[in-house]
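When you get a sec, could you build the whole thing from the sequences and use the hints?
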Amino acid sequence: MSEMNEFDESAPTVVKRFMYVNRRAPYGTIYALECLEVVLVAAAFDQDVSVVFLDDGVCQLKKNQDTTGIGMKNFSKTYGALDDYDVEKIYVEKESLAARGLTADDLVIPVEVLAADDLREVMAQQDVVISF
Amino acid sequence: MLHLINKSPFERNALDSCLRMAKSGSAILLIEDGVYAALAKAAHAEKIIRRMGDCSFYVLGPDVAARGLSDAPLIEGIDVIDYEGFVDMVAEHDATQSWL
Amino acid sequence: MAYECDGATIETDEEGYITDISLWSRELAILIAREENIEMDDDHWEVVNFLRNYYEEYQIAPAVRVLTKAIKKTLGADKGNSKYLYELFPYGPAKQACKIAGLPKPTGCI
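Protein chains in written order, with this note's numbering: chain Z, 1 to 132; chain H, 133 to 232; chain F, 233 to 342.
Treat the hints as calculated values from the structure; they're not laboratory data. Keep in mind that the hints are not guaranteed to be accurate.
[As the list claims (entries may be wrong)] Here are the simulated DSSO-like cross-link-like pairs (lysine-lysine), alpha carbons at most 30 Å apart as the crow flies:
id, chain 1, residue 1, chain 2, residue 2
1, F, Lys304, Z, Lys89
2, Z, Lys63, F, Lys304
3, Z, Lys16, F, Lys304
4, Z, Lys73, H, Lys155
5, F, Lys337, Z, Lys89
6, H, Lys173, Z, Lys63
7, Z, Lys63, F, Lys337
8, Z, Lys73, Z, Lys63
Owing to the predicted nature of the structure, the values given are computational and were not obtained by experimental measurement.
Following this line, the structure appears as structure tokens:
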């Protein structure tokens, strides 16, 4: 929190490129929620953060989730706060969407849809890739 | 026999194994992440449609709603049931097999 | 600890955040604020209500820098700055105001 401001801001800081890769569907396992929480905490460190949704990970962003029947928190609403946390690079793999019969219009937030050929290049440019 | 599938067909082969082992007349219920197998426009739909003639397929409604699939086209002929229906199905069948 | 409010006992965790968010009420907020040595006025309520709306929309309590930025966007720069917010909530706007608003500890708060 505010303690961040007390750091010596003149000290040289190394900005690394961190990519968080979501590959699991929400609710069935804890991975999706864990990754979201890690991204929101990591966003405080002024690093170059990007988030990728791949394979079943694209299901995390499906619109109209209603968890009242299963008694769990509907955390799909929280992806809307990523912008407030200055996490602006959000990529979704085109092939993963297509395999599930989904399009960008089915998702809760605006994202950049990339084909595997292009996503591979973005991934190769990262310093750290963390997969959930 | 009642078969339960709770894993996404994109991640595990539980659905494939179940469809290979299920005898004619089996009931197959998709729950939790297994409900993604019911998406009509998804790659796995064909495998289920091929067994619609000799097996009956069900999907658990609360799990469908949680994943935002209430408005998504599901495979025609799959019955959506609630938790009460789930309990009834378990009671009606002599045996239940969970494909974990 | 726990609060006695309207004949009900409302439990908190060891840091004083209520454990069941659905049990929050304005009366309870006043009790929690008193425990924090804060007498609620319109300015305090404005921030508490802002936090509750944020939680309703995004299902998280925002970190302090996110809260400051979001308040600036909707209520203007006069209120969306840490000086103003720390005057209202001396032990941290996110921590203290979230506690009073009945929300969990802010997400991304280190």
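Satisfaction of hint between Lys89(Z) and Lys337(F), Cα-Cα up to 30 Å: Measuring from Cα to Cα gives roughly 26 Å; hence the hint holds.
Check the hint pairing Lys73(Z) with Lys155(H) against an upper bound of 30 Å on the C-alpha distance. violated, 38 Å
Is it true that the CA of Lys304(F) sits at most 30 Å from the CA of Lys89(Z)? Between Lys304(F) and Lys89(Z) the Cα gap is close to 23 Å, so the pair holds against 30 Å.
Is the straight-line distance between the alpha-carbon of Lys173(H) and that of Lys63(Z) 30 Å or less? holds, 16 Å
Assess, step by step, whether the Cα of Lys16(Z) is no farther than 30 Å from the Cα of Lys304(F), and give holds or violated. With a Cα-Cα distance of about 29 Å, the restraint between Lys16(Z) and Lys304(F) holds, given a limit of 30 Å.
Need the status of pair Lys63(Z), Lys304(F): alpha-carbon distance at most 30 Å? At roughly 29 Å apart (the allowed maximum being 30 Å), Lys304(F) and Lys63(Z) satisfy the hint.
Are the Cα positions of Lys63(Z) and Lys337(F) separated by 30 Å at most? holds, 27 Å
Check the hint pairing Lys73(Z) with Lys63(Z) against an upper bound of 30 Å on the C-alpha distance. holds, 15 Å
Checked against the numbered hints listed earlier, the structure breaks hint 4 alone; every other hint is satisfied.
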